Amino acid sequence: MTDDGAFNETIHSPFRLRICGLLRSVDELDFAVLRDTLGVSDATLSKNLKSLSEAGYVSVQKLASDKRGDSRRITWLRLTSAGRQAFDDHIRAVRAIAAGFDRLDAPN
Amino acid sequence: MENDIASGDPNESRAAADILGELQADRARLAQRTQAPRWLAPGFGVIAGLYVLIPALPGDRPGTGFVTTALVVGIVMVYASRRITGIKFAGFGAQAWFALAGAVIGTLVFYSVALGLVSLDLHWWVVAPAAAAFGLVMWLTRVIFSSMRKNLDRDR
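Those protein sequences? They're chains A and B, same order as listed.
Per the working numbering, the first sequence starts with residue 1, numbered consecutively.
Per the working numbering, the second sequence starts with residue 1, numbered consecutively.
For the record, the hints were derived by calculation from the structure and aren't laboratory data.
Since we're looking at a predicted model, the values are computed, not measured.
No residue lacks a Cβ here, since even glycine has one placed at the ideal position from N, Cα and C.
A couple of the hints might just be wrong.
Simulated crosslink set (DSS-like; lysine-lysine; CA at most 25 Å straight-line) [claimed, not checked]:
1) A:Lys62 x A:Lys50
2) A:Lys62 x A:Lys47
3) B:Lys88 x A:Lys47
4) A:Lys50 x B:Lys88
5) B:Lys150 x B:Lys88
6) B:Lys88 x A:Lys62
Example chain A residues on the side facing chain B (calculated, C-beta under 7 Å, incomplete) [to be verified]:
7) Arg18
8) Gly21
9) Val26
10) Glu28
11) Leu29
12) Val40
13) Asp42
14) Ser51
15) Ser53
16) Ile74
17) Val94
18) Ala98
A short list of chain B residues far from chain A (calculated; beta carbon distances all over 12 Å) [to be verified]:
19) Ala16
20) Asp18
21) Ile19
22) Arg27
23) Leu30
24) Ala41
25) Ile54
26) Gly74
27) Ile87
28) Tyr111
Based on the sequences and whatever the hints tell you, model everything.
Structural data, given as structure tokens:
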């Protein structure tokens, strides 16, 4: 890894990057809040969370039994320390690339 | 895969800038839709107001156990507000810490005023600093929540 960061193929997928971006701004976020903020379906979010979880970037903690109604169930999502590191590295790389766009966009 | 930062491809740079803009927009959306429960600020205000009323209560040691009870109620309120909002905030922020310190110091000042009023046998006048403590802490609780909400939108 350099100061310019490092691309991460797992995080680079658009939805997974947005998931990590939101989780990076909080300690923990509820599944429903994340879903509504991103405007995606439960299935899409679950699928992408599974990939992040398998990579060790996101931890999932379910409170209360699944047999209970939605109003009494909450699923807390959190970026793990490995996830934070990978996301930060990835964002540094993206920023370095975007800096090129800023230079091109700047008036002469 | 290592990134290809040095490529200088304008399309790649524009796409990267769009990605960063989208992440910022998501955070702004999250901050915008995050609202504190209506009872949170008045709840902490009531705790502060009741604490300031203690010197006016009858008995040798009025308010025994109040601080412990208030602490437990405060923790339960924070826990409940997390479940309702679906957010555990990452940090408090300088403004929130100042507001918290202001709430504690302000409540203690009003408590001292209440003690002074009781020593002058002006028991009913204690309602005035109690109401002021309620108002101050309610306002500062809103400041704290607002500060933490703004932190969501901070670029990381």
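Structure-based check of each hint:
no.: 1; hint: A:Lys62 x A:Lys50; verdict: holds (14 Å)
no.: 2; hint: A:Lys62 x A:Lys47; verdict: holds (16 Å)
no.: 3; hint: B:Lys88 x A:Lys47; verdict: holds (23 Å)
no.: 4; hint: A:Lys50 x B:Lys88; verdict: holds (21 Å)
no.: 5; hint: B:Lys150 x B:Lys88; verdict: holds (14 Å)
no.: 6; hint: B:Lys88 x A:Lys62; verdict: holds (14 Å)
no.: 7; hint: Arg18; verdict: holds (5 Å)
no.: 8; hint: Gly21; verdict: holds (4 Å)
no.: 9; hint: Val26; verdict: holds (5 Å)
no.: 10; hint: Glu28; verdict: holds (4 Å)
no.: 11; hint: Leu29; verdict: holds (6 Å)
no.: 12; hint: Val40; verdict: violated (11 Å)
no.: 13; hint: Asp42; verdict: violated (15 Å)
no.: 14; hint: Ser51; verdict: violated (17 Å)
no.: 15; hint: Ser53; verdict: violated (18 Å)
no.: 16; hint: Ile74; verdict: holds (6 Å)
no.: 17; hint: Val94; verdict: holds (5 Å)
no.: 18; hint: Ala98; verdict: holds (4 Å)
no.: 19; hint: Ala16; verdict: violated (4 Å)
no.: 20; hint: Asp18; verdict: violated (9 Å)
no.: 21; hint: Ile19; verdict: violated (6 Å)
no.: 22; hint: Arg27; verdict: violated (5 Å)
no.: 23; hint: Leu30; verdict: violated (5 Å)
no.: 24; hint: Ala41; verdict: holds (21 Å)
no.: 25; hint: Ile54; verdict: holds (34 Å)
no.: 26; hint: Gly74; verdict: holds (19 Å)
no.: 27; hint: Ile87; verdict: violated (6 Å)
no.: 28; hint: Tyr111; verdict: holds (33 Å)
When each numbered hint is compared with the structure, violations occur for hints 12, 13, 14, 15, 19, 20, 21, 22, 23 and 27.
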